[in-house]
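Asks: Construct the entire structure; sequences and hints are all you get.
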Amino acid sequence: MKIRRIQDTLIRAFAMLIVLALVLLGTLSYYYLHKILIQNAEQTTMQLVSQLNRIIENYIRYMDDIALMAINNADVRQFMSRPHADSPQLRGKIEATFESLRAVRRDIDSVFVITRDGRAIAATTGGALNPTVNLRERFRELEAGVVPDRPSVSSAHVENLVDYRYPWVISLVRALPVGPGEESPGLIQVDLNYEIIARLCKDVQLGTSGYVFILSRAGDIVYHPRQQLIYGNLKTERIAEIMSLHSGNLNAVVDGRAILYTVVSSKDTGWDVVAVSYMDELFRASRQAEYVFLMLSLLVLVGAIAAGVAISSNISKPIESLRHSMQAVESGNFDIDITVSARNEVYQLARDCDIAVKKVRDLIEQNRREQELKRKLELRSLQAQINPHFLYNTLDSIIWMIELGETERAIDMTSSLARFFRIGISRGEETISVRTEIEYMQTYLEIQKQRYKDKLSYEIAFATDLHESQILKLLLQPLVENAIYHGIKNIEGPGLIRITGERAGESMVIRISDNGVGMAPDQLSALRDGLIEPRPSNGVGVRNVQERIHVYFGLEYGVSFESTPGAGTVATVRIPVISGSAT
Amino acid sequence: MRSRSVLFLLAAAVLAAASLTVLYRGARLLNPVSATARRVIVIFKTIDYRTTPFWGNVRDGVVSAGEDLGMNVQIRGPAYESDVQGQIDIVRQAMREKPDAIVLAAADFNQLVPVAQEVKRQGIPLVCIDSFVNSDDADVRIGTDSYEGGQKCAAALMRYVKEGDLVAVMSYVKGSSTAIDRESGTRDYLDGKVRILDTLYSNADAELAYSQAARLIAETPRLRGIVALNDPTARGAARALDESGKAGSIALIGFDNSLLVLRFVERGIIRDTVVQKPFNMGYLGVTTARELIQGRKPARFVNTGSVDISRLNMFQPENQKLLFPVTEGP
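Chains as they are written, first to last, in my numbering: chain A, 304 to 886; chain B, 84 to 413.
Simulated from the structure, these hints should not be mistaken for lab results. Any given hint could turn out to be false.
[Stated by the list, open to error] Below are the DMTMM-like pairs computed for lysine to aspartate or glutamate, each with C-alpha atoms no more than 20 Å apart in a straight line:
1) A:LYS505 / B:ASP151
2) A:LYS505 / B:GLU150
3) A:LYS538 / B:GLU401
Replies: This is how it looks when you write it as structure tokens:
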């Protein structure tokens, strides 16, 4: 199984979460920002356009007021319907009336009276009528567009009624109302200076390059800031779509740019006032917001990753250190304190681990002490097994010596016995130096020599460098005793016990040989078996020796026997060389 | 662990790069009135718009394009169209200011050649509008196809005269490139259809045109048509024709659209006049300059076209703007 570090998992999760959140937030806010921007733009533009439309309608209404006033003027009516009443005086009166109107409102370029029979009065700058214009024809053209009792409003056009002046105007025409079935004898045409409308439209600010244009009821352009470009096919507008819309908003792509058309139709004029807003300009604010959002996103992302690193290292570092501690424990080092810097569950976990490890350590220690104690107790019990017969026999010998009056020998033997026991019973140390052991054996052999007299002689030869080596207390005495009791005691003639000690590498080899009766093979094997499987009745002392060596030094050490019947026995003890005093 | 920190560094680098990009783009974004607005100097033959409304119309196109494209457009020019040296000085001054492009209406076909070469040497894109220079130095030429204009005049004339009729062609400046082109367009069209008298040259002088036309009309009773290839010539010829009282039998075709010419058109003295599109010249001059600045390769010649105007169509909405520019404030 692939192990993932908590830190990585956390950072990854953090980054993913933040990115997801940002993308979601960005998309949503982008979407809503756009929606709001479009809504705002639509509303604002609609307000602007409606306002512009109202202003234009006001102008038109004002023109209509003038037309109505003119058409209701008695002089004008007389001029229209009574050709024979036409006189310079009448014309002068009418002209004066119109001129006073024009003087008040400079946005009125001209006021014309045109009659069916081709007469006309012009109140205009310059004054003279254009002689090339056929007035009857003009009357018929104008009359065609007029509904009785209603004004008709033209698109922007060049007015050629005035001689040598071609002003751009918007014309409002009203015919003199007459009874049903009758032909109207004349009409009034009021020309509004086109520049007024143009300026009104131009003053509407729609972004940096947005603009307003006006379409007539027929779809002709009343005003467009780039009219020439449209005629030159250098620019297009979606006029058909706009015309079908009447009022509202329309999205379109024109000449490669996404635009928003905002259209308001006027009932009075029949015109469509159309605002053109460029989307890219509308969304400039949005792009700024996007930019700010992107910057913030990057900041948040960096911050989140930093926070992820900090938080996860806060969590994983203690775990890591705990893991290191536990690895140390795994490799057997219980002697450590497990502490982490965190103050959370990991801290509790570490504390629990610490307690557990300490408990294990205590248990191990306790176990070790118990084992040691057990071993010591075993050793002690083994050491205590000094053959009691030796004491009885010795004491018997001493009694006999006293009874026979051999006081000196009795004293010697008693003091030897005392020394023997002082060494043997001495408490505390489990091991003694080889030298002390030798001394001990000498004491023992001296005591036995009192009993066996010339029948027992002995030699002790230890390499001198072994003298200070440690040996288990009273290890050799049972073997010596064995050699006496089972070896030389039963032979005729003098018996010799040789005890030698030599070094073999890191081991010490001690041989105790006698020239006694020796052992038959079955006897020897019984003894050897006894070394392995203790038999209570036989060879207690020897088995004791073997067990003590095994317990204290390990199974690779021990005692072995070689024997030839009639020639003697050799007991070989192998123990390690331990210098100084061991435990 | 090591590869992770490398990865982390990489991610940090990517983040930093992204931030820088965003920062750069954003800085431009937050400053909508970009300091990088392109500067174009437009040099007219004259900036006396009152006497030559043609240039007022060109100016309207130039200004409109500047507004539409968000470019910094400066219009200059001598007070008189005849001040060729004045225009050369203006071009030199413009070069010193190191604009992003220069739009030039050459006051003289040949005399402006050296200065056009200088502009070219400086690596400033050069667009010629209306009138060109007699060299290859303009990157783009925008104007009326004069040959085509001449053909339109001839086509208009053919609506009023019969095959085999006698007609006259009145040109203006002998050797002027536009005059040559207009005349050959006219002659090529009329060739084989009607009989054509020798070309008269008015030197673009209305008075000279008047006297030439008056003599022509008086001495050539069978004359049925006159093509006058520029505005003053048309004006002069129209006056002579008007005074001769033969406007009904002799069809006069003019060129361009001064108010006087239009009055004659309205009265039917001039039957048709072929008009150019100065607004479009100005507008396209600036848009083409921008294309050059942006390193694009626009067509080397743009024909802004011409329109045949008669009494019948002169007040049609699409022609009104062309013929009667809305005079705006100063």
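Asks: Check each numbered hint from earlier against the structure, then list the numbers of those it violates in ascending order.
Replies: Structure breaks no hint.
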